[in-house]
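Participant: One-letter residues, chain by chain:
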Amino acid sequence: MTARASVFLAAAALLLSACGRDEVTSYRVPKEADPVMPGAAPAADASSAPLAPMAADAGGAPGMGAAAAGATMANTAVPTANGPSLVWSAPAAWRTKSGSAMRKGSYAVPGPGGAEADLSITAFPGDVGGDLANVNRWRGQVQLPPLGPAELEGAVARFQSNGLTVTVVDLTGAGAANRQSILGAIVPVSGSTWFFKLMGPTAVVAAAKPAFLEFLRSVKAP
Amino acid sequence: MGNLLRQFRDFFVSLRLTVTLLVLSIVLVFAATLDQVHLGVWGVQEKYFHALFVMVRVGDLPVPVFPGGYLIGGFLLANLLTAHLCRLKLTWRKLGIWLAHGGLILLLVGELLSGLVQQDYQMRLDTGETKNYAESDRFNELAVTDTTNPAFDDVVAIPEQRLAEGAPLQHPKLPFRVVTKLYYPNAALERREQAPNAGPSPATQGIGPMIAALPIPVTYKPDEHNEPAVFVELIGPDGSLGTWLVSPLLGMPQRFSYAGREWKLTMRATRRYQPFALTLLKFTHDVYPGTDIPKNFSSRVRITEVGAGGAAAAGGAGAGGREALIYMNNPLRTGGLTFYQASFDNDDRTTVLQVVRNPSWLLPYLACAAITVGLIVQFLFHLVGFARKRRAAPAAPAPAAAAATVTP
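Order-wise, the sequence lines are chains A and B. For the first sequence, the numbering used here begins at 1 and goes up steadily by one. For the second sequence, the numbering used here begins at 1001 and goes up steadily by one.
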């Protein structure tokens, strides 16, 4: 009987709790003005807003004033990984760039003929789709076709350094003129994934490869 | 059958069940209080109290590990009711106990109803601004708005939960289906060039292709918001119109034309429209002299009726209606809603009102009143009875005492 009573009460509570399901609604309202473009608002207003919205009136302003949008973007939550930050030592020749809210680190890597490659260091929670998805994403950025799961291991090199597993991929871009290449490294650290991506003209990236690998070996958890 | 009924009654009538349930509720409150650090107050309410069972995920499977608030409360209610029906006799001498227990039952029912039907919203008003809607602090909706008519907008509001479920949505007022392609309950948006590692965007229309939506862990902290990002595809009878990225972080609406009509898409805090509008006339923030310590927050508002089509909301900041002063512990109750002074912003130019709809708001007051009256009545019965005995006592003991001395 106890069981019956439990079933009865559980069913009653379930029925009651099913009453509040969200439904699609429709209604008519007077015209309302669109929100003011954040860039046009006084600075005090924008900073006191809980999360500054981004300009997105794609129809009305296709160019979406880059300055205005950029300014408000800086106020949005940054989805970088929490937890311990990695540390590294970069060669003196690499110029530290100011970077962005997304980047944990940012360098300009000089190469022959005054050309430069860009090294970005970012970190995100989780595995961000896994090695294959990330390698294929990078391959797409240098016009290479995606790899199948079976081809991944042949395309990457892995090594252990300072207790971290570093997965390195060297992608020489397709195309003749203005060839771009990527030297990338994926480093999982306590539930997050760190990405080190050196991207630039193929000649610069190829010349910087030894320094990049040396740099990767300096990466460690604090 | 009679035997079964007796077992049923004996189970629910027993004081042992009451004690067990009270112990379980103590454990539940204790565990929930500890877990509030991780889940925040809303998350804890959902997981521990507004649930039949406390569920813990083992792998992908939710496993019930402890009775939840609804189950314990439900059994307590059944326990109390059956005990009343079977044990207590309806006599004047028991009036106090009946009232006190009736109040307790009302309190339990009130809490259940509050949990099921209470709705909380917020209304942010700048000085001089008029609004006839409040916005949810926790839930979002996708507003698909037909803006063709210059006089009004026709809105179809799709709750975020429905988008998360992923089933294609067809509404009679929309000439297209809304299909969720990708849903992130919490995401940050970055311009694509700022997010070199972001994958390709599923969006093909609006601002989406220029933006990277990056999923981040869901937050339960009371001072943080989840900002969902959804890629929705609109599919008409002739095929797809494209895929848009929508998120409350995109502040501005995204517009497009279809079937000879003008449309806009906005992901925003869920709105609840009401048949009257509030205009903030003045917000006052008093501090104790010479300090920054707040003494009083108050909002002077004007309430105006909204006509058919909501005309007052658009231009109703003028005369008419009635004025009310909302301040701490003095909410405005009108139209089934209660407006509390909750916060302020923008250098004291914006007020934040908490808007609560709770049809059962009176029940806890009635319950407490019934319990108080019941306890007073019960106490008075005992007091009067005791006084009567005492009055009768001086006459009686004398012969007894005399007898005691004489007998040996």
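One or more of the hints may lead you astray.
[Stated by the list, open to error] Have a look at the derived ranges for each label pair, beta carbon to beta carbon:
{"hint": "1", "chain 1": "A", "residue 1": "Gly191", "chain 2": "B", "residue 2": "Gln1119", "range": "35 to 41 Å"}
{"hint": "2", "chain 1": "B", "residue 1": "Thr1020", "chain 2": "A", "residue 2": "Gly163", "range": "48 to 54 Å"}
{"hint": "3", "chain 1": "A", "residue 1": "Trp88", "chain 2": "B", "residue 2": "Asp1223", "range": "29 to 35 Å"}
{"hint": "4", "chain 1": "A", "residue 1": "Pro146", "chain 2": "B", "residue 2": "Pro1175", "range": "33 to 39 Å"}
{"hint": "5", "chain 1": "A", "residue 1": "Thr172", "chain 2": "B", "residue 2": "Val1058", "range": "42 to 48 Å"}
Because the hints were derived from the structure by calculation, they are not lab data. Glycine included, C-beta positions come from ideal geometry on N, C-alpha and C.
Participant: Determine for every hint whether it applies to the structure shown.
Facilitator: Comparing the hints with the structure gives:
One distance hint, 35 to 41 Å for the beta-carbon pair A:Gly191 and B:Gln1119, holds here, with the actual separation near 36 Å. Distance hint for B:Thr1020 and A:Gly163: a CB-CB separation of about 51 Å, consistent with the stated range 48 to 54 Å. Separated by about 34 Å at the C-beta atoms, A:Trp88 and B:Asp1223 satisfy the suggested range of 29 to 35 Å. Hint check: A:Pro146 to B:Pro1175, Cβ distance near 37 Å, so the stated range 33 to 39 Å holds.
Between A:Thr172 and B:Val1058 the beta carbons are some 46 Å apart, a value that agrees with the proposed interval 42 to 48 Å.
Violated hints are absent here; each numbered hint is respected by the structure.
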